[in-house]
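There are 2 protein chains.
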Amino acid sequence: MSAVTTEPATTDTGLRAGAFGNAVALSCRECGHRLDLGPFYACPECFGPLEIAYEFPTVTREEIEAGPANIWRYKALLPVPADIEQSPNTEPGFTRLLKAHNLGATLGIDNLWVKDDSTNPTNSFKDRVVACALSAARELGAKVFACPSTGNLANAVAAAGARAGIKTVVFIPSNLEKPKQVNSAVYTDSLVAVDGNYDDVNKLAQEIAAEEDGWAFVNVNVRPYYAEGSKTLGYEIAEQLGWRLPDQVVIPVASGSQLTKVHKAFQELIKLGLVEDKPVKIFGAQATGCSPVSVAYKAGVDAIRPVKPDTIAKSLAIGNPADGIYVLDICRETGGAVEDITDDEVREGILLLARTEGIFTETAGGTTVGVLKKLVETGQLDTSLETVVINTGMGLKTLDAVADKVGPAATIAPNYDAFVETGLTS
Amino acid sequence: MSAVTTEPATTDTGLRAGAFGNAVALSCRECGHRLDLGPFYACPECFGPLEIAYEFPTVTREEIEAGPANIWRYKALLPVPADIEQSPNTEPGFTRLLKAHNLGATLGIDNLWVKDDSTNPTNSFKDRVVACALSAARELGAKVFACPSTGNLANAVAAAGARAGIKTVVFIPSNLEKPKQVNSAVYTDSLVAVDGNYDDVNKLAQEIAAEEDGWAFVNVNVRPYYAEGSKTLGYEIAEQLGWRLPDQVVIPVASGSQLTKVHKAFQELIKLGLVEDKPVKIFGAQATGCSPVSVAYKAGVDAIRPVKPDTIAKSLAIGNPADGIYVLDICRETGGAVEDITDDEVREGILLLARTEGIFTETAGGTTVGVLKKLVETGQLDTSLETVVINTGMGLKTLDAVADKVGPAATIAPNYDAFVETGLTS
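Each protein sequence line maps, in turn, to chains A and B.
Note that the UniProt record's numbering has the first sequence beginning at 1, numbered continuously upward.
Note that the UniProt record's numbering has the second sequence beginning at 1, numbered continuously upward.
Hints are computed from structural coordinates only; laboratory data are not their basis.
Be aware that a few hints might be false.
For lysine-lysine, the following DSS-like pairs were computed, each having C-alpha atoms within a straight-line distance of at most 30 Å [stated by the list, open to error]:
1. B/Lys278 with B/Lys264
2. B/Lys178 with A/Lys180
3. B/Lys180 with A/Lys99
4. A/Lys167 with B/Lys271
5. B/Lys308 with B/Lys271
6. B/Lys298 with B/Lys308
7. B/Lys281 with A/Lys178
8. A/Lys99 with B/Lys405
9. A/Lys99 with A/Lys374
10. A/Lys143 with B/Lys405
11. B/Lys278 with A/Lys405
12. A/Lys180 with B/Lys180
13. A/Lys308 with A/Lys374
14. A/Lys405 with B/Lys374
15. A/Lys178 with B/Lys405
16. A/Lys167 with B/Lys374
17. B/Lys281 with B/Lys271
18. B/Lys405 with A/Lys167
19. B/Lys143 with A/Lys99
20. A/Lys405 with B/Lys298
21. A/Lys180 with B/Lys405
22. B/Lys178 with A/Lys178
23. A/Lys278 with A/Lys298
24. A/Lys143 with B/Lys99
In this text the structure is predicted, and so the values were computed from the model without any measurement.
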């Protein structure tokens, strides 16, 4: 495997047959230029982002339903080999789609669902994308599996790398909170703390990818494969609704990749005849402290102006989102919107989801639920339409966000009379 | 629903038809006395523990496989109604069974699997039992859903209660660490802190159950229904192995209920013709600081001498385990064993599982993996036989256990040269 580059090797790739399943090429999202599958992420013609292009065979609902209860049931639609289940991986996905009766009633939405990705192996949707990146790293002959990250991605990469038995190096800012360090260091001896902010860590990762042979940085030089993992969220929503698309979906926006991939998944299912064609309004959710896409959406402009993030929703805090312009396109074209909320509203969103549906989400999920609420209040979301909101992570990872907002109703002596005085008897 | 009692109501129960599925009675584990299904847990004749008795219809693999990817695929084998999926619940279970190549190679076990229950809705196996208790509470007309707990059970009850929209009161010791309080308080306004230890909290719960009508304490007066939820771990292991029993299973022992129910599940599957009859050796795992069952096993005696727990494995710290004598019977009869390890070995077990399989477990899981290792080292476990080890919980809940044992390999300046000096380049 060669390092990050915009020039594909012209020699034989050395890939085994079917290494990437039904994927046939890399294709530039901007200019459409095509190149052979390899460890490339930027178009050699225009520097646009590369995506995976497929030639799908006929895929039936029955074939998918006969697959395992994880993302590999959709392996025919991903850039992975047909024998992917034989390679040790974390087996993420096929998480709960819960009918949200209580949250729906509270917000006045008739028909609401929560897609809950907090129950993935390392408790965020990142396990999906990392599983696809791991497969690409393996097929490309990578010697090292790596990422720069401040949280969920680090956990997912470190865990997947340990299970796969591949050398795994994870880069984090050195001022990261101890619990978050532990949650990655528990899996790997090769956690590297970098004196600098996330941007500095990211730049270092790009430098190493350029200098070293055989390093697969999941979100750098194997990013096209990695990003495809998010499509499985869209596939699962449709299958779990009974092979049907919802009317509206609310999705958090960090880089914007997840939103674009869920949209892509819906389009693929329509083209493959697995669901009926219908319009789906797609909504993006950001925290006000890092809302470059929402700002552009509201201003009616096409360009994203980068921001310096200042929000508790750290897993959404990407100030210059790579797929932001595509998010704008999709939300506008489908009749959706992009909205943002304050950090206090993020905290309220966390509690709202916990109290109504028994799901303890992290700040990213609090953002998405809070934005859902705001979309209703501002009349941007049609409450008579079937709606899905995506929860991407888990509350124990951002405990501090609500630690001061909840606690015991009473502290009592250990006897019945003391309990009666609390007024909690029925 | 009446309060906790050993005398069933003689009047009409008021239960709807099929409220408990194929369950037909409560049956005393000690004397075999039978009584009608109701909120009872102790035999009116001998005070022995009550269990659920069933009259199972024919159940096929195909019927189960056509069910949802959660414990309700086994609803015909549980004390729940046929329409259980219609009542809001957390939809736990059908968690990963991972082939543990790396852990097996490290320990010298040819064919090892990890059943990973850390990916349940509130990240422990307790979601299984609480889902069954919630159904019983609902069918019995309970007004309040409650439990005494110090951790995983509190999380599971508070989350399930919120989702079900039933008044939920959770009792904890007032000196419980703040993160554990938050992890329950986020779901409910009715968290009650009690000045005392867990035994004091438990006694208060029994007092309230006796005094108040309509309170369903999951682990007190609906315990027979609750405990049945653990059978689903056994069902899933067999189904996920391809409708086949393993040769050996290693299971943590707190009250001992889980171990007895996994054994019961295997026996039921054999009787129903869903798997071939074969011997399964069952092993119990305890921490030395709370090892009353292991001590009795090693001493070759039948009686359990209660202990005062002193171990970091708090979710296993039950000094007087209710099902301890049944654990002894099962482990002896099947040719298994009960073993215990030190707190340092518990910590090592956590790291061993994380580094080999990418699973971050809590202290209970560290205990089980550590005991697995010790069973191999002491020749008590046959390394040539197919073995399953059960992980019941998740590491973020007991982060302190390993927080001082792991960390960054290096802290560097944000440039490539500084990274090269770490020696981590390939």
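Report task. Check each numbered hint against the structure and report the violated ones by number, ascending. Result -> 4, 5, 7, 8, 11, 14, 20
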